[in-house]
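Heads up: the protein sequence lines correspond to chains A and B, in order. The first sequence: position 332 = 332 (the numbering used here), numbered continuously. The second sequence: position 330 = 330 (the numbering used here), numbered continuously.
Please note that the accuracy of each hint is not assured.
Since the list gives no way to pick out one identical chain from another, each pair is judged satisfied if it fits inside one copy or across any two copies.
What the hints assert, rightly or not - Okay, derived cross-link-like pairs now, BS3-like style, lysine-lysine, Cα gap no bigger than 25 Å in a straight line:
{"hint": "1", "residue 1": "Lys-138", "residue 2": "Lys-239"}
{"hint": "2", "residue 1": "Lys-270", "residue 2": "Lys-251"}
{"hint": "3", "residue 1": "Lys-270", "residue 2": "Lys-123"}
{"hint": "4", "residue 1": "Lys-196", "residue 2": "Lys-36"}
{"hint": "5", "residue 1": "Lys-263", "residue 2": "Lys-138"}
{"hint": "6", "residue 1": "Lys-36", "residue 2": "Lys-294"}
{"hint": "7", "residue 1": "Lys-36", "residue 2": "Lys-51"}
{"hint": "8", "residue 1": "Lys-190", "residue 2": "Lys-82"}
{"hint": "9", "residue 1": "Lys-253", "residue 2": "Lys-82"}
{"hint": "10", "residue 1": "Lys-36", "residue 2": "Lys-274"}
{"hint": "11", "residue 1": "Lys-239", "residue 2": "Lys-263"}
{"hint": "12", "residue 1": "Lys-203", "residue 2": "Lys-239"}
{"hint": "13", "residue 1": "Lys-203", "residue 2": "Lys-253"}
{"hint": "14", "residue 1": "Lys-51", "residue 2": "Lys-23"}
{"hint": "15", "residue 1": "Lys-239", "residue 2": "Lys-294"}
{"hint": "16", "residue 1": "Lys-261", "residue 2": "Lys-274"}
{"hint": "17", "residue 1": "Lys-52", "residue 2": "Lys-239"}
{"hint": "18", "residue 1": "Lys-203", "residue 2": "Lys-294"}
Source of the hints: derived by calculation from the structure; they are not laboratory data.
Protein chains: 2
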Amino acid sequence: MEELVTVALDAMGGDNAPGEIVKGGVEAVNARKEVKVLMVGDEALIQEELKKYSYDHERIEVVPTTEVIGNDEHPVNAIRTKTDSSIVRCQRLVKHGEADALVSAGSTGAVLAGGQLIVGRIKGVQRAPLAPLIPTSKGFSLLIDCGANVDARAGHLLQFAQIGSIYMEHIMGVKNPRVAIVNIGAEEEKGNQLVKEAYPLLKECPSINFIGSIEARDIPSGAADVIVCEAFVGNVILKLYEGLGQTLIQKIKASLMSSLKTKIGALFIKSSLKRTLQDFDSSEYGGAPMLGLKGLVVKTHGSSKALEVKHSIIQCISFKEQNINVRIEDVLNQ
Amino acid sequence: MEELVTVALDAMGGDNAPGEIVKGGVEAVNARKEVKVLMVGDEALIQEELKKYSYDHERIEVVPTTEVIGNDEHPVNAIRTKTDSSIVRCQRLVKHGEADALVSAGSTGAVLAGGQLIVGRIKGVQRAPLAPLIPTSKGFSLLIDCGANVDARAGHLLQFAQIGSIYMEHIMGVKNPRVAIVNIGAEEEKGNQLVKEAYPLLKECPSINFIGSIEARDIPSGAADVIVCEAFVGNVILKLYEGLGQTLIQKIKASLMSSLKTKIGALFIKSSLKRTLQDFDSSEYGGAPMLGLKGLVVKTHGSSKALEVKHSIIQCISFKEQNINVRIEDVLNQ
Numbered sequence: 001m002e003e004l005v006t007v008a009l010d011a012m013g014g015d016n017a018p019g020e021i022v023k024g025g026v027e028a029v030n031a032r033k034e035v036k037v038l039m040v041g042d043e044a045l046i047q048e049e050l051k052k053y054s055y056d057h058e059r060i061e062v063v064p065t066t067e068v069i070g071n072d073e074h075p076v077n078a079i080r081t082k083t084d085s086s087i088v089r090c091q092r093l094v095k096h097g098e099a100d101a102l103v104s105a106g107s108t109g110a111v112l113a114g115g116q117l118i119v120g121r122i123k124g125v126q127r128a129p130l131a132p133l134i135p136t137s138k139g140f141s142l143l144i145d146c147g148a149n150v151d152a153r154a155g156h157l158l159q160f161a162q163i164g165s166i167y168m169e170h171i172m173g174v175k176n177p178r179v180a181i182v183n184i185g186a187e188e189e190k191g192n193q194l195v196k197e198a199y200p201l202l203k204e205c206p207s208i209n210f211i212g213s214i215e216a217r218d219i220p221s222g223a224a225d226v227i228v229c230e231a232f233v234g235n236v237i238l239k240l241y242e243g244l245g246q247t248l249i250q251k252i253k254a255s256l257m258s259s260l261k262t263k264i265g266a267l268f269i270k271s272s273l274k275r276t277l278q279d280f281d282s283s284e285y286g287g288a289p290m291l292g293l294k295g296l297v298v299k300t301h302g303s304s305k306a307l308e309v310k311h312s313i314i315q316c317i318s319f320k321e322q323n324i325n326v327r328i329e330d331v332l333n334q
Numbered sequence: 001m002e003e004l005v006t007v008a009l010d011a012m013g014g015d016n017a018p019g020e021i022v023k024g025g026v027e028a029v030n031a032r033k034e035v036k037v038l039m040v041g042d043e044a045l046i047q048e049e050l051k052k053y054s055y056d057h058e059r060i061e062v063v064p065t066t067e068v069i070g071n072d073e074h075p076v077n078a079i080r081t082k083t084d085s086s087i088v089r090c091q092r093l094v095k096h097g098e099a100d101a102l103v104s105a106g107s108t109g110a111v112l113a114g115g116q117l118i119v120g121r122i123k124g125v126q127r128a129p130l131a132p133l134i135p136t137s138k139g140f141s142l143l144i145d146c147g148a149n150v151d152a153r154a155g156h157l158l159q160f161a162q163i164g165s166i167y168m169e170h171i172m173g174v175k176n177p178r179v180a181i182v183n184i185g186a187e188e189e190k191g192n193q194l195v196k197e198a199y200p201l202l203k204e205c206p207s208i209n210f211i212g213s214i215e216a217r218d219i220p221s222g223a224a225d226v227i228v229c230e231a232f233v234g235n236v237i238l239k240l241y242e243g244l245g246q247t248l249i250q251k252i253k254a255s256l257m258s259s260l261k262t263k264i265g266a267l268f269i270k271s272s273l274k275r276t277l278q279d280f281d282s283s284e285y286g287g288a289p290m291l292g293l294k295g296l297v298v299k300t301h302g303s304s305k306a307l308e309v310k311h312s313i314i315q316c317i318s319f320k321e322q323n324i325n326v327r328i329e330d331v332l333n334q
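Please work from the sequences and hints to get the whole structure.
Right under this line is the structure:
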């Protein structure tokens with residue numbers, strides 16, 4: 001039997017924990033025989049959920065913990081004091097090599113802080129970026145960095161570009177991914193101080209396919225595969241994507257329900273429109289990986305249901321199989 | 001007869017110049033008797049267009065110029081060397097008090113640079129922000145700053161908040177407008193260095209109704225009336241709004257045309273859906289004002305048609321009637 005990919009799953013994190021989280025873990029184990037899931041959290045609650053399903057008992061194990069970190073807690077304080085929390089236990093399992101990866105829908109701050117402080121960075125990585133996939137009309141692009149460490153320097157952006165390229169090429173299968181830096185115009189002399197400093201570094205880097213600046217207007221049409229930016233800007237892009245998509249969809253739904261005539265029309269277009277809008281639903285792609293760490297940390301939405309949890313766990317298989325961390329270490333320490 | 005509001009119109013700027021620009025100018029004059037329009041540009045071309053319409057000849061005057069600034073020219077160089085260009089002439093008319101405001105769909109860079117360098121700032125204004133209205137599910141919000149001067153300091157953001165509040169209250173009629181700063185979380189300690197410095201200044205400012213941080217996710221739902229940010233971030237928000245809206249609308253249209261069934265449905269919902277999407281069309285609101293200058297500078301989209309030009313001109317009436325610049329000067333020099 002080949003080696004299993006072991007994923008520590010934070011069964012207590014997120015709005016739908018533990019029910020949907022445990023369900024997603026079971027579904028991943030049932031879908032892919034290379035996965036083993038460590039369910040980390042309140043043992044009684046997890047067992048209660050597990051009872052509902054049939055699965056290979058050798059590939060699901062419960063790791064009991066007694067604490068939970070809430071979304072309203074200070075991330076760094078929380079991971080330092082709540083050492084028996086499900087998030088911290090997941091991070092320790094990865095740090096000590098008992099798990100290859102962890103998946104959590106819990107406090108973003110605690111997942112990111114623990115990633116840096118407990119799991120630790122690969123040699124040569126200055127900052128570990130959070131890099132979600134965002135939907136575009138051509139498929140998806142990697143937005144790197146959307147993490148908690150803002151005010152990056154130009155050298156950090158260069159590393160994000162290199163790390164993001166490896167991920168897109170070897171996990172998502174995008175050959176020679178196009179890398180662009182978020183800017184307020186296409187010309188090389190445009191931009192803020194950070195972009196002006198990072199641009200020449202990106203242009204001269206031989207290990208990436210740098211295509212220049214990208215204006216935010218061109219992100220949704222898929223004009224680049226790896227979209228490099230500082231975390232404050234990345235966070236704005238990611239959140240606006242969510243907010244604007246939701247607002248437009250709500251308005252369209254309200255418009256379809258506004259009269260008898262539109263309600264009749266809605267019956268004809270409903271399924272087609274639903275498929276279209278699903279393409280723009282990021283939960284299809286699983287969670288956001290935090291890259292550059294000794295192991296993979298995947299942060300899924302707080303509102304994650306079983307499907308996203310399952311996809312996030314499955315994502316960890318390719319990550320291990322493709323030796324992503326070895327590749328990152330090689331490129332950054334050349 | 002009461003005093004006219006004189007608007008210098010850059011008849012040569014934008015993708016649809018001079019036809020749609022001149023048409024918009026005529027429509028504004030015909031719609032509001034308080035407006036006089038100076039049509040600035042190639043005299044023969046303008047007269048050719050004017051012939052098509054009937055209007056009060058006392059309230060439209062042609063100001064002949066010989067040069068045009070293209071979108072691909074370096075803005076500062078262009079306004080320095082092309083002194084007989086339509087944009088520069090418009091700016092001089094405002095500077096010398098021959099016009100109260102100018103409207104241009106031409107090169108954004110040249111309009112902004114000339115605003116600072118030719119028209120000049122009001123006393124006390126450190127930077128003149130570009131502040132477009134963006135659509136939300138409640139109506140619209142003012143996004144300030146989206147201009148060309150990036151890397152603002154905290155004191156600039158405070159002024160943007162004060163200037164934006166005056167505009168929203170006295171031009172858009174929003175009483176006690178809610179001011180928020182774009183941030184990556186709601187808590188006061190979150191943010192990059194700039195936001196951390198600006199936050200306490202905004203919190204302590206008595207002339208604004210500061211409600212705290214706003215995450216980009218909450219912008220489209222109208223969670224604040226005046227959205228304060230540094231220009232790089234503002235530009236990203238504005239452009240992503242455009243790009244994401246267009247991409248989603250294209251996808252919805254394609255989905256409606258995908259089968260006979262959906263085509264039938266589309267007939268029932270077309271007019272209602274069109275109205276809904278129009279609410280999210282920023283051209284309805286006219287151009288973006290550049291605030292804090294001695295006179296009003298309005299930048300409309302490069303793709304502006306007559307309707308947007310007309311709205312942009314009409315916007316200038318309230319600006320003068322409400323003495324916006326006196327109010328700004330008063331607040332900033334208290």
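Lys-52 and Lys-239: within-copy, between-copy, both or neither at 25 Å Cα: neither (35 Å within a copy, 48 Å between copies)
Intra- versus inter-subunit Cα pairing at 25 Å for Lys-203 with Lys-294: The answer is neither: 28 Å in one copy and 41 Å across copies each exceed 25 Å.
Copy assignment of Lys-239 with Lys-263, given that the CA separation must stay at most 25 Å: neither (31 Å within a copy, 33 Å between copies)
Up to 25 Å between alpha-carbons, please classify Lys-253 paired with Lys-82: within, between, both or neither. neither (43 Å within a copy, 51 Å between copies)
Within, between, both or neither: how does the pair Lys-138, Lys-239 come out at a Cα-Cα threshold of 25 Å? Intra 20 Å, inter 19 Å, cutoff 25 Å: intra and inter.
Up to 25 Å CA-CA - Lys-138 versus Lys-263, copy category: Between. Shortest inter-copy distance 24 Å satisfies the 25 Å Cα cut-off; intra-copy 31 Å does not.
Lys-203 and Lys-253: within-copy, between-copy, both or neither at 25 Å Cα: neither (45 Å within a copy, 38 Å between copies)
Using 25 Å as the alpha-carbon threshold, which applies to Lys-261 and Lys-274: within, between, both, or neither? both (19 Å within a copy, 14 Å between copies)
At most 25 Å between C-alpha atoms: does Lys-270 with Lys-123 qualify within a copy, between copies, both, or neither? For Lys-270 and Lys-123, the Cα distance exceeds 25 Å both inside one copy (51 Å) and across copies (57 Å).
At 25 Å max between alpha carbons, let me know whether Lys-203 reaches Lys-239 within a copy, between copies, both or neither. Classified as between; 24 Å across copies, 28 Å inside a copy.
Taking 25 Å as the upper bound on the Cα-Cα distance, should Lys-36 and Lys-51 be classified as within, between, both, or neither? within (18 Å within a copy, 78 Å between copies)
For Lys-190 and Lys-82, with the copy left unspecified, which applies at a CA distance of at most 25 Å: within, between, both, or neither? Only across copies: Lys-190 and Lys-82 sit 22 Å apart there, 46 Å inside one copy, limit 25 Å.
This entry does not satisfy hints 3, 4, 9, 10, 11, 13, 15, 17 and 18, going by the numbered hints stated previously.
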